[in-house]
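Novice: Numbering of the sequence shown is given in the numbering used here, commencing with residue 1128 and proceeding in unit increments.
Since the hints were derived computationally from the structure, they do not count as laboratory data.
Accuracy of the hints is not assured; some may be wrong.
Said to hold, decoys possible - Straight-line C-alpha distance at most 20 Å; calculated SDA-like pairs for lysine to any residue:
#, residue 1, residue 2
1, Lys1181, Met1128
2, Lys1181, Asn1144
3, Lys1193, Glu1156
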Amino acid sequence: MQFISALELHNSMNNGNHFEIIDVREPYEYNACNIGSTHIPMGDIPNRVEDLPKDTNIVIMCRSGKRAEAVANLLVTDFSLTNIYCLDGGILAWKEHIDNTLDLD
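Hey, can you work out the whole structure from these sequences and the hints?
Specialist: Below is the structure:
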């Protein structure tokens, strides 16, 4: 598992690199505020591994990065995926460095 900062992810995407961003927060969190990512709640990940793309880099995100790190570790360790990144600092870091208009409260 690798970590990627919000700024690194944003810059890389702006340079034409594609990432599938998977938000593992709970539905109420995602519905309140999201960045247009794919929503798969943390508890659903083991049953939805087949839905994850195999041919692109996947960034796992949550609110602060803790749940995302656990999910990313699971995907690497138990499912042998190698294209997994964890968004360091989660959507809180995205708000701080990329889009301060996000309403997370």
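Novice: Now, for every hint given, state plainly whether the structure supports it.
Specialist: Comparing the hints with the structure gives:
1. A C-alpha spacing of about 15 Å is found between Lys1181 and Met1128, which places the hinted pair at or below 20 Å, so the restraint holds.
2. For the given pair, Lys1181 sits about 15 Å from Asn1144 by alpha-carbon distance, which is consistent with the 20 Å threshold.
3. Distance check on the hinted pair: Lys1193 and Glu1156 sit about 15 Å apart at the alpha-carbon level, within 20 Å; holds.
The structure shown violates none of the earlier numbered hints.
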